[in-house]
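Visitor: Below, each chain spelled out in residue letters.
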Amino acid sequence: MATDVQTSRSAPAKRSPARRRDPRPGRGRGGTAPLRGLLPLVVLLGVWQLIGLAHQSVFFPPPSQWISQTATLASGGGLWTAVRQTLVTFVLSLIIATVIGTALGLLIGRSPLLERLLSPLLEFFRFLPGVTLVPLAVLFVGYTQSMELYVVVFGAIWPVLLQVRLAAREIDPVLLDVRRALRLSRFDAFRKIMLPAVAPGIMLGVVIAAPLTLVLALVVEVSTQVSGIGKLLETAQQSFLAAEVFGLIVIVGVIALVINVLLSLISARLFRYRPSSS
Amino acid sequence: MTAVARSRRRTGPPSLNWLVGLIIPVALIAAWQIAKSAGALPYTNVPSPLQIWDAAVQLAGNGQLGGNFGHTIAVCLIGWAIGSAIGAAAGVALGLSHRVWSYSMASVDVLRSIPAISFIPIAVIIFLQTTTMEVSIAAWVSIWPVAVSTMTGVAGVSAEHRELAASLRLNWRAQVSKLALPTALPKMLVALRLALSGALVLAIVAEIVGNPHGVGYALVNAQQQSEPAQMFAYILLTGVVGLVLNGLLTLAYRRLAPGFHLAESRRTGNGN
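Protein sequence lines correspond, in order, to chains A and B.
So the first sequence is numbered by this note's numbering: it starts at 76 and just counts up by one.
So the second sequence is numbered by this note's numbering: it starts at 55 and just counts up by one.
Chain A with its partners taken away, still in its complex shape (with noise of 0.2 Å):
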């Protein structure tokens, strides 16, 4: 759900700089939050790793079982395959969802026509959980990492179209008077103009993007026949293995926090000229 939550923290922001700015510096909480925050876990961690060991639990194993029950299945290599699994179709359906999201996301926030025609078809499929998808894609398509490609890019295609339409209707008419000023063709026109000007639509987009697309591909994963993180998971759960579980959802909570650094570090990057940005 970190998607959610910097969906409602940067979409303020980027509407007006003012605001990002807190209001008292140095009690700020947009910022990283200390490390020290992390001790109510590690706390926790270790109370369960002392109780754990006391009673052994079927559904509570301690921390150290997660670790030795993980390298288990790391050392059978069936990890590292499943992790790479999941990367990949996590990789390719972003970029496709974004190269997708942004076509049609520059096309309808461009033309006021397709704006008027399309709006609700688009606010329906904004509202249709992505997750419905997987069991109709099985029945056609069949228990294929395609079948998985489709629906997570089908899922991961709206919040970059919703963003990059967005930018492209708010694109400042000075830009177009330029475009024309100069006499640009169409092609550089695009290239130039319109891109830059919707490209941190398409960040942002990509941003609320990133967990979609991981979510997805797990559900495709958990419930279906591919194989992936998300299929060792549900087998893990099937076996009552729940240190295993455990393991695994640590596994999925560092791809997931990795994926957020990555991005917000190529995010950073791309826009330091830009402050209004996030």
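Rather than coming from a laboratory, the hints here were simulated on the basis of the structure.
Nothing here was measured: the structure is a model prediction, and the numbers come from that model.
Every residue gets a Cβ at the ideal spot worked out from N, C-alpha and C, and that includes glycine.
Check each hint, because a few of them may be wrong.
So, partial list: chain B residues that the calculated Cβ filter (under 8 Å) puts toward chain A [to be verified]: (1) Val80; (2) Trp86; (3) Thr98; (4) Ser102; (5) Leu104; (6) Phe123; (7) Asp163; (8) Val255; (9) Gln279.
Anything over 12 Å on all C-beta distances counts as not near chain B; from chain A, calculated [as the list claims (entries may be wrong)]: (10) Val118; (11) Ser194; (12) Arg201; (13) Asp252; (14) Leu289; (15) Val294; (16) Ile326; (17) Val336; (18) Ile341.
Following the hints, complete the assembly by docking chain B onto the known chain A.
Guide: Quick look at chain B alone, frame taken from chain A:
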């Protein structure tokens, strides 16, 4: 918001916009029906819109449609309410006390960035394939956006208001109810909407994976019995339910907080 203000914001009568927007969906449905009748669709078992309609009518007639959607919506709403309450409480604590924030925010950041879907298997092991499992997952996913938005909202109480509270010697309960929550309200409302769509998605996933009830299970069931028309009916109606829940919430906001614009939240996609 008054009717005058609303009509000034939009240009032209709103009903006309809706009619224009109906052209494409209607044309698509007609084209779909024609393509199906002509046998031009790539998959032979894709149902026609009429078959989907028939399936929906049949499912509504035998009570399955109402029962399944009733179950899923109930789970979604209960989980959302529990999760939002926990999230709001945590957010107030994090926003009011700098010490609480600095000694726990990093833990919150770690927990909220783990995709909620990966907790479903552990919830199934602990609660088995029950509705409790579903509710717990829907609640879990609702906690984080509400907690973080409440926190940023509460932390945004201005220095002047803080001084005012100090000079009035407000106790902490009055500070929360008179100062912190009203300041945080706009941000919380946005987060509550996000949490609601997140709870709906996670409830459905939990049904697909674990609990044999509700829309998610109905979808899997229809898939195993090769009933594509039923699946389409459920999927399309899920979109409608998402829209309606969101619309109801927007209406409630207009009533409760008339001055607040939801324009900001339009930027968001659906939850995960």
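Visitor: What hint numbers does the structure not satisfy?
Guide: Violated: hints 1, 2, 3, 4, 5, 6, 9, 10, 11, 12, 14, 15, 16, 17.
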